[in-house]
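Enquirer: Below are the chains, spelled out letter by letter.
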Amino acid sequence: MSQASPSSLASPTPGFRLSRIVRLARKELRETLRDRRTIITLVLMPLLVYPVLSVALRQFLVSSSMQARQLPLRIATKSQEEWRTLMMLLAQGEKLLEEHESTAASAPLAGGPILGAGLGANELPLSDNEIVPLRPDVEITLEDLIRHNEIDLGVRLLPETAAKNRGESQFQLIYRPDMPLSRQAVNFVQRRLEAVNHYDLQKRLADAGDAQPPKSAWRLMPIADEKGHSFWLGTLVPLVLILMTITGAVYPAIDLTAGERERGTLEALMAAPVPRLGILIAKYVAVVTVAMLTAVINLTAMTVTVASSGLWTFFFGNQGSPAEAILAVLLLLILFSMFFAAVLLLVTSFARSFKEAQAYVVPLMVVCLAPGFMSVMPGLQLNWLMSVVPLANIVLLARDVLEGDAPLLWGAVAVASTILYGGLALALAARVFGSDAILYGSEGSWGDLFRRPRELKARPTITGALTALAIVVPLFVMVSGLLGVTPTVGISAKLLAEAGMTLLLFVAVPLCLARLQGLELSGAFQLRRPQLGVLACAILLGATLWPLACDLILLCQKLGIATVNLEKLAERQPALMELIKQLPAAPPVVVFLALALAPGVSEELFFRGYFLGALRGRLPAWGAIVLSATIFGLFHASAGGLVAVERILSSTLLGVALGALCWATRSVFPGMVVHVLHNSLMLSLIYWGSRLKGWAIEDGHFLPLPLVASTSVVALLAGLGIVWQSRRNMAAAEERPGPSEMPSTATASADASADERQSPSPNVG
Amino acid sequence: MISAVELTKRFEHSGHDVLAVDHVSFRVTRGEVYGLLGANGAGKTTTLRMILGLLVPTSGHAEVGGFRSTESADAVKSRIGFVSTTAGLYQWLTPRELLLFFADLYNVPPQQAEKNVAGLADIFGLNEFLDRRSATLSTGQKQRVNLARSLIHDPPVILLDEPTRGLDVLGSKVIFDYIASARVAGKAVIVCTHRLDEAERMCDRFGLLHLGRMMLEGTLPELQTRTGLTTLSEMLLTGMAQASLQEPVAA
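From first to last, the protein sequence lines are chains G and U.
So the first sequence is residues 13 to 777, counted in my numbering.
So the second sequence is residues 328 to 578, counted in my numbering.
I should point out that these hints are in silico values taken from the structure, not numbers from a laboratory.
It is possible that part of the hints are untrue.
What the hints assert, rightly or not - Lysine-lysine pairs mimicking PhoX-like chemistry, simulated, CA-CA at most 25 Å apart:
| id | chain 1 | residue 1 | chain 2 | residue 2 |
| --- | --- | --- | --- | --- |
| 1 | U | K469 | U | K500 |
| 2 | G | K39 | U | K469 |
| 3 | U | K442 | G | K39 |
| 4 | G | K506 | G | K39 |
| 5 | U | K469 | U | K442 |
| 6 | G | K215 | G | K107 |
Claimed, not checked - Far from chain G by the CB rule (all over 12 Å, computed), these chain U residues:
| id | residue |
| --- | --- |
| 7 | G380 |
| 8 | G408 |
| 9 | T412 |
| 10 | L420 |
| 11 | G452 |
| 12 | L457 |
| 13 | H480 |
| 14 | A507 |
| 15 | L564 |
On a predicted model such as this, the values are computed, not experimentally measured, just so you know.
Backbone N, C-alpha and C define an ideal beta-carbon position, used for all residues, glycine too.
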């Protein structure tokens, strides 16, 4: 063994390399997968649970069929003539069945023993069932009646003349395979028609040489429900799979955190020169992998069990290939695994022993069951509220995806909020995992997450930024939705409430978090006083961006990228349309306060001041600006409950400009000026655009090219002017005397120049 | 190589402050074996954890190779091999897998790691169970694997907290021999133990801790001259008795 070379020891270990994390994760996985307890939850549980569940389900269906048999069956034909033919054959069949009860038995339908012949023995007699023809004036089809569960069985006499000429009646039996009464109605009709055929055949066999066709023939036509899928597929399947995925993730999460501490290996791990976050991410990758493996094994076991136990039509209805549905569920399960693994790691990181971790996880699982079960309630929709409720949003989205009508906006909100919650949980776990409090049980408690550090810090952490985002965005979606459904109040009151909410969420929440993190407010929100020259340029920039923005939105509409227009909005969101119509009636001061000043100030404080500030020095300038601008753009995606792609694009571009401005000046104030001015001028177009011929966006005409070109050039020059002045100021700050003479700003300047060196401004070069 | 300057650690338990380490200072140079001695609860382990950067001192600081443990934690950790009394092993990994995993954590190149594993297996007699699952090892075998784990990156500084705990006479001898060779190799070693007879044989200098305070520090002849006592046990017992007499007076 050789002595380690001084050079290798002089530089700290690289720590956060991807390959390192992969190797760490591989070790965690190796250890986890060798543990036979993992194998039990991963493989044996699904192999045992699903067959048992399928038996229980079949038993339930049989008992529901037994209960259903006492109910009169609702059978309908389209015409009087069809009804007469059917009734004649059914009456004949019933009589034959009564005479030869023991010989009349039908083969079960797809669906297995649920439709067994034994059921026929307890059917109500023909006269007690409701077998009726539809009224001639009724336009609805038999298929629709079946879909809406208005009748149990539709019988149609097929118009094949060749068959009719031979004296054969060809029926089509339209039914729902997932409805017990519907299946029983098929059985009821089928048994009687078979009895007639049987009798007819026997009679003709007696008359040797007769080659006439049987008395009647029928084809089954299974119908899915309104949405094309079985009710059970959408509700039961996601819930069961999510619960099983939870089960798979729990053990490794506990074992790799609390278990590691209990075994005494955590201290050795923490003594190694690897960042705590790196170790945690490796553990996260391992837990997510096991959870995903569990999901895949469960999905496979469930599919195989369903296929082999005759429950296929019960779950999948009459749809052709369920591959797409299975893939969609798998993708959602992966997303869910990523979210839940992070939550589990957060919870178990607090625990100092396996037992303590279990004590935390059990209530968590119970808490998870509530939204899970709530989401299978009929009538519960994925909307502004449910899309941000963790777990329930994924179950509801899975249901809607399986049923083929997932709402795009709320689906995207559900996915985004789940990712956000997962990121937040992981960031919080990184604060707790392996801390001396957890390692040695000194001062550790849940309160550590909320304890203010002793020393003031200049910038928010990534955890702080993610926490703010995870609180503000879902809350904004919820409160906006709530305001949308509030009973009619005056337009001014609504606008003022909106302004108040914007300020409360975007300013108050990060302010509280900044206080909790012990942040110096001027640093946390980048409240540096800007130079007058910079402000002048900002005013110029804010006043000249609007023609470009107008034409960009119009261009999107012309290119067909736009997804929202006034007609669509009027159709889908009449209340919002009404609000837009009322807007000119509101006092201009209120409108500008609510839609220009409040969002301009608060969004700049949040997206640029707090969020972008947290990324400074941790990401390169372009990465930080693009990330914050993308989140800013996505945040503006919603337009009255619809996804407005054109808004994402224009808002993201505005976000890039505002982000670059903040990055260069280290101040949110120039951005505020630009944002407020830009919003104000865009609003002015709504107010007074009609007076300027051809300038209003609704007119569908591009603005005059000289206007757009000249304002764009001025905007560009103003932007460059801001960057130039900021760089000059920065250089001057670096040349100024040292900290002893400038106690309050020197640290910030040094910090600033260090960041500049690390991540050059995107406007340079 | 190692210096502790006025190291102090205060814990909070149920709203009460507990002073675990109280302004402890000492230095350890290359090729020196330093015995940090004291009864249970004297503050030995807490001191080691502060040197390593696992615990943040309430005041004071520790340096290893010129790096402060609070400021350059990774640089400090990469220079230290740490054996803790409570250290366990990954039950489902073999000692070889475990050693290679820790070599990777300490950024040892794979080929060098293989060589280091082979060398440590020879020194600590791990060869017969190097590829057996760790859960099946005896207490002594586990302790030897733990020692090898802490030395896999061939650190210039070694912190040993009760290194002979659970080892028989032969196992203890292996540790003593290794410490002797580490001294020759120029490593700085701190050994925490309450087995004072062992310490007398192993260490060059001693720091006697009681209730978080450094009672005595120096080489054995220096301590003998200062106290007029012969053995470390006598010195520690006398010191503890004097401290308990002074407590009520101070109160």
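Enquirer: Can you name, in rising order, the numbers of the hints this structure does not satisfy?
Expert: 4, 7, 8, 9, 10 and 13
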